[in-house]
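Q: In case you want the letters, here they are:
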Amino acid sequence: MTSRLWPEHLDPVIAEFQDCFDSMERYELLFEYSAKHPSPLPPEEWTDENQVHGCQSRAHIECSLDSSGRFLMRGGADAQIVQGLMSVTAMAVNGMKPERVSSMSPEYADAMGIRNSLTPSRANGFLNMFERVRSEAEKMV
Amino acid sequence: MTSRLWPEHLDPVIAEFQDCFDSMERYELLFEYSAKHPSPLPPEEWTDENQVHGCQSRAHIECSLDSSGRFLMRGGADAQIVQGLMSVTAMAVNGMKPERVSSMSPEYADAMGIRNSLTPSRANGFLNMFERVRSEAEKMV
Amino acid sequence: MALDVNAIRNDFPILSRVLPNGHPLVYFDNAATSQKPKCVIDAMTQYYEQYNSNAHRANHTLADEATQALESARNKISSYFGTNPENMIYTSGATEAINLVAYGWARYNLQKGDVIVITEMEHHADIVPWQELSKEKGVEVRYVPINTESFTLDMEAFDVALDGAKLVCVVHTSNVLGIRNPVEEIILKSHAVGSRVLLDCAQGAPHERISFDNMDADFIAISAHKMAGPTGIGCLLVKSDVMDKMGPFMTGGSMIRRVTTDGSTFQEGHAMFETGTPRIAEAIGWGAAVDWLSNFDMKEVHAHVHNLAHFASQEMSKINGIRIFGDPSRSDSSGAVSFLHDSIQSQDLAILLDEGGFAVRTGHHCAQPLMDALGVPSTNRASFWIYNTEEEVESFVKHLRYICDRFS
Amino acid sequence: MALDVNAIRNDFPILSRVLPNGHPLVYFDNAATSQKPKCVIDAMTQYYEQYNSNAHRANHTLADEATQALESARNKISSYFGTNPENMIYTSGATEAINLVAYGWARYNLQKGDVIVITEMEHHADIVPWQELSKEKGVEVRYVPINTESFTLDMEAFDVALDGAKLVCVVHTSNVLGIRNPVEEIILKSHAVGSRVLLDCAQGAPHERISFDNMDADFIAISAHKMAGPTGIGCLLVKSDVMDKMGPFMTGGSMIRRVTTDGSTFQEGHAMFETGTPRIAEAIGWGAAVDWLSNFDMKEVHAHVHNLAHFASQEMSKINGIRIFGDPSRSDSSGAVSFLHDSIQSQDLAILLDEGGFAVRTGHHCAQPLMDALGVPSTNRASFWIYNTEEEVESFVKHLRYICDRFS
Ligand SMILES: Cc1ncc(COP(=O)(O)O)c(C=O)c1O
Ligand SMILES: Cc1ncc(COP(=O)(O)O)c(C=O)c1O
Numbered sequence: 001m002t003s004r005l006w007p008e009h010l011d012p013v014i015a016e017f018q019d020c021f022d023s024m025e026r027y028e029l030l031f032e033y034s035a036k037h038p039s040p041l042p043p044e045e046w047t048d049e050n051q052v053h054g055c056q057s058r059a060h061i062e063c064s065l066d067s068s069g070r071f072l073m074r075g076g077a078d079a080q081i082v083q084g085l086m087s088v089t090a091m092a093v094n095g096m097k098p099e100r101v102s103s104m105s106p107e108y109a110d111a112m113g114i115r116n117s118l119t120p121s122r123a124n125g126f127l128n129m130f131e132r133v134r135s136e137a138e139k140m141v
Numbered sequence: 001m002t003s004r005l006w007p008e009h010l011d012p013v014i015a016e017f018q019d020c021f022d023s024m025e026r027y028e029l030l031f032e033y034s035a036k037h038p039s040p041l042p043p044e045e046w047t048d049e050n051q052v053h054g055c056q057s058r059a060h061i062e063c064s065l066d067s068s069g070r071f072l073m074r075g076g077a078d079a080q081i082v083q084g085l086m087s088v089t090a091m092a093v094n095g096m097k098p099e100r101v102s103s104m105s106p107e108y109a110d111a112m113g114i115r116n117s118l119t120p121s122r123a124n125g126f127l128n129m130f131e132r133v134r135s136e137a138e139k140m141v
Numbered sequence: 001m002a003l004d005v006n007a008i009r010n011d012f013p014i015l016s017r018v019l020p021n022g023h024p025l026v027y028f029d030n031a032a033t034s035q036k037p038k039c040v041i042d043a044m045t046q047y048y049e050q051y052n053s054n055a056h057r058a059n060h061t062l063a064d065e066a067t068q069a070l071e072s073a074r075n076k077i078s079s080y081f082g083t084n085p086e087n088m089i090y091t092s093g094a095t096e097a098i099n100l101v102a103y104g105w106a107r108y109n110l111q112k113g114d115v116i117v118i119t120e121m122e123h124h125a126d127i128v129p130w131q132e133l134s135k136e137k138g139v140e141v142r143y144v145p146i147n148t149e150s151f152t153l154d155m156e157a158f159d160v161a162l163d164g165a166k167l168v169c170v171v172h173t174s175n176v177l178g179i180r181n182p183v184e185e186i187i188l189k190s191h192a193v194g195s196r197v198l199l200d201c202a203q204g205a206p207h208e209r210i211s212f213d214n215m216d217a218d219f220i221a222i223s224a225h226k227m228a229g230p231t232g233i234g235c236l237l238v239k240s241d242v243m244d245k246m247g248p249f250m251t252g253g254s255m256i257r258r259v260t261t262d263g264s265t266f267q268e269g270h271a272m273f274e275t276g277t278p279r280i281a282e283a284i285g286w287g288a289a290v291d292w293l294s295n296f297d298m299k300e301v302h303a304h305v306h307n308l309a310h311f312a313s314q315e316m317s318k319i320n321g322i323r324i325f326g327d328p329s330r331s332d333s334s335g336a337v338s339f340l341h342d343s344i345q346s347q348d349l350a351i352l353l354d355e356g357g358f359a360v361r362t363g364h365h366c367a368q369p370l371m372d373a374l375g376v377p378s379t380n381r382a383s384f385w386i387y388n389t390e391e392e393v394e395s396f397v398k399h400l401r402y403i404c405d406r407f408s
Numbered sequence: 001m002a003l004d005v006n007a008i009r010n011d012f013p014i015l016s017r018v019l020p021n022g023h024p025l026v027y028f029d030n031a032a033t034s035q036k037p038k039c040v041i042d043a044m045t046q047y048y049e050q051y052n053s054n055a056h057r058a059n060h061t062l063a064d065e066a067t068q069a070l071e072s073a074r075n076k077i078s079s080y081f082g083t084n085p086e087n088m089i090y091t092s093g094a095t096e097a098i099n100l101v102a103y104g105w106a107r108y109n110l111q112k113g114d115v116i117v118i119t120e121m122e123h124h125a126d127i128v129p130w131q132e133l134s135k136e137k138g139v140e141v142r143y144v145p146i147n148t149e150s151f152t153l154d155m156e157a158f159d160v161a162l163d164g165a166k167l168v169c170v171v172h173t174s175n176v177l178g179i180r181n182p183v184e185e186i187i188l189k190s191h192a193v194g195s196r197v198l199l200d201c202a203q204g205a206p207h208e209r210i211s212f213d214n215m216d217a218d219f220i221a222i223s224a225h226k227m228a229g230p231t232g233i234g235c236l237l238v239k240s241d242v243m244d245k246m247g248p249f250m251t252g253g254s255m256i257r258r259v260t261t262d263g264s265t266f267q268e269g270h271a272m273f274e275t276g277t278p279r280i281a282e283a284i285g286w287g288a289a290v291d292w293l294s295n296f297d298m299k300e301v302h303a304h305v306h307n308l309a310h311f312a313s314q315e316m317s318k319i320n321g322i323r324i325f326g327d328p329s330r331s332d333s334s335g336a337v338s339f340l341h342d343s344i345q346s347q348d349l350a351i352l353l354d355e356g357g358f359a360v361r362t363g364h365h366c367a368q369p370l371m372d373a374l375g376v377p378s379t380n381r382a383s384f385w386i387y388n389t390e391e392e393v394e395s396f397v398k399h400l401r402y403i404c405d406r407f408s
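Protein chains in written order, with our numbering: chain A, 1 to 141; chain B, 1 to 141; chain C, 1 to 408; chain D, 1 to 408.
Incorrect hints may appear among the rest.
[As the list claims (entries may be wrong)] The calculated DSBU-like cross-link candidates involving lysine-lysine, where the alpha carbons are at most 35 angstroms apart (straight line), are:
no., chain 1, residue 1, chain 2, residue 2
1, D, Lys245, C, Lys245
2, C, Lys112, D, Lys38
3, D, Lys166, C, Lys135
4, C, Lys135, D, Lys38
5, D, Lys135, C, Lys166
6, C, Lys112, C, Lys76
7, D, Lys299, D, Lys38
8, D, Lys245, C, Lys135
9, C, Lys245, D, Lys135
10, D, Lys112, C, Lys76
If you are wondering where the hints come from, they were derived from the structure by calculation, not from laboratory data.
Generate the whole structure from the sequences, applying the supplied hints.
A: Here you go:
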């Protein structure tokens, strides 16, 4: 029994990225997604505690469970590319069971063609962000 | 009118060095000459003032005029190779008029085949020593 | 005679680099560090392959060759900077050079209540050491503000701040704004009130021939890596009478005269401040770099770089939303052009520029007080040097325009 | 499996050097600095030719590549020394590392009357910083003597000196005597009285695999250039709880969190102690050096070097007039063999050895208190490393015998 690497509802998002002609188009799409963040964390709520370290720009993440026990990741970044990545990540994980989030892998970014268009330390920044989400979920299990 | 590069009485000394088979033999000869220093400066008289800087080992030089107004260089070094060079230098300059010493050049060391068997900073050490003698002579003119 | 930039480019292996994204490298991050000509790289390789040895007390051939090369580098570099080897102390870079002034001079010569004047335009390397000294010694640190219209130092405020100053620390050329400060006037005025002057020439040295003895500054801090030299080396130039008043900073081998269990005596002059195994390869590399730079007239280099910066800023200003910090129209302005877009965040902009092969720096550039004065958290900065071309600038402006059109 | 010394020699371009006097180089000055394998030289060349850029805040490809290489070097080097990257602070070498302990730890943590224990065997780098601190802070410096028969530390005197100690500074392996100190015992005893321990491993690291976390020393100072790495870089290893008690030393860019005209806050951990543009090429070169060294079992390297030293000293002792300082028969003794001839002055002897192509060091080896204890002003020192051979030692002994016969 192999489980899916990302939730089904992410498929169209990934397809959209895969359809991009080049990295510029992908970045453009990330910019668009940054505006569609399903659960943004407004700058007023950015604190030292929720800051993700090792990103080039500021990035903050708050994770919680909603009333029905489902995962909710709120995120904010001052750079739109980072915010776009957060946005897609939130789309992926919001509403999942925390167990599921805690065992997720960041393959969707590969599938989107994003990770290998990032230079190594930007990719690291993304991984730090993803890892933060995963480990927060783990704590909730 | 060209003047000689070194006093006539140095010729046999130089010839002796030129006759050496190799640098080891030249060093051996320097060791011998170190023991023949015509006007050694004993360690008791080594002071900060008469120290020659820029030599690898300690070297001290005192210059004066003898009763008949002739140049006298006394020298001491803890290394015999340096002492040997001093010895030959003293043989060259002792008894000269200070004017003559002040305009002398260190060619005799080239002629002896010594300078190019010295590595650059040893050659510099020798030049520092020679320059000290020359400038002391200049002050006496 | 104009510079033959194409010939110059051939001296730099890295300039033919193609990035993983397929774009040829366009390197506009020269204020962070310059690229190195092949002769500099080769000089270091040759050292390591042919005569690597610890220097000083050279009783064997290799040690002697290494010592000669080290001292010959010192001679070349100090003479390039218009002074004697005795006035030059090797450091690991401009940062250590400034720390050396703080620890080796200020700590011994300043007292509680003494005034150090610095500017809002300084690099952190010329701010934090003084703040720390202030905590330790109770000296007062005064900041000369900049005029945020002209981006120049407020010289009236400088005149006021000078009252009672014992040390004035000013950046020769701002790494953010490209602005060259009126260092000649600053030196004259500071000396008139009996203050010593430290110039941070980390950016000045790659753009202007520093002539230490003529300039009459008391201290000058320089990094090799911004002027075609290797990483890990720089120097502090110090006037002789000022050096005589300095005390030891880092201690250990080489800087001593005699060590006993009862205490130690030290070397005099620059030797007192250089301890441990010297940065031999680095010194040799830097020596090769000044040899290389000596091929050019720095006035022409400055003119070339200034023209690129001026042209770039003019073209960039025409792009909607782009704002320039600094005044590249000033003929003494250097190659740094700081800018921001009013809606594309600086990190995003940098990534999108990199996507086209353009290397620019983004951030606070180690000048947060300046950022605070400008009212921004960071800028993008394109900075040009001797090997950059008008074509590169043109393609940069084109790509920037494209990004701004598409992403805002 | 024994070392394949011939294969190893092929990695070192310099070992095929023929000196101007026509003799092939025989390099026995390894305690001063080691030679560098081609892979180390190449790693630095590649950096300069392919991705030279200032590191950190990496918003373009080159900067990102340089940052990755720098951090990967930190990972490699710290893991080679058996610890985490967080416990390693880059310095310019062992000397700066020890000064960092003096300025960054002792200055903040020791008071008047506190005791620092060092030994008569220390290198000046591990003496003068403590003498200076003593002048500044009134701490007491105690010197543990050596037994001039066995050339080992007088451990009874050490036990006595330990009373009230707050810091014990000991050289792991003497650069003059080759003696390895009982550092395990020293660490245990020092910790038992609540003292911190600094080990000077400048000579230890090229001869023994340093395992920082296991050894349990509080500080370890290391230079890259003595272990196949480049000049200009080294490190201080520091235990985490000790690092937490350190305060800033040199200040400027990178080590800060926020700088304002009202004051500054600093990074935590090793980042607080690394300021200015990093030694990027040097770190990359050192990383390549530990990669190269990882090919070998350091126990075998030690055995090889020890055997050469032991063999050399045995043969040399047979020559009339030669006296050895140290005890190369001890199995933990390193590759340094200090000696003197009773009538040929040490400088003269060095020059005559150089005449045969043999590079040995001559002088006080930055250990004047040790020279005083030995009652000599200087020694000649042959020091061996991984690429030296028995044949080289044989021809050395032969030439030495010839000199002694002819010149005494
Ligand atoms: C035992 C010892 N400690 C410290 C040092 C100083 O090392 P460096 O000169 O690389 O700073 C050396 C090397 O000269 C040494 O042999
Ligand atoms: C103006 C200025 N001062 C000081 C520095 C510090 O130089 P380094 O990092 O080479 O020590 C820099 C470079 O970053 C600079 O631009």
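Q: Can you name, in rising order, the numbers of the hints this structure does not satisfy?
A: Hints 2, 4, 6, 10 not satisfied by this model.
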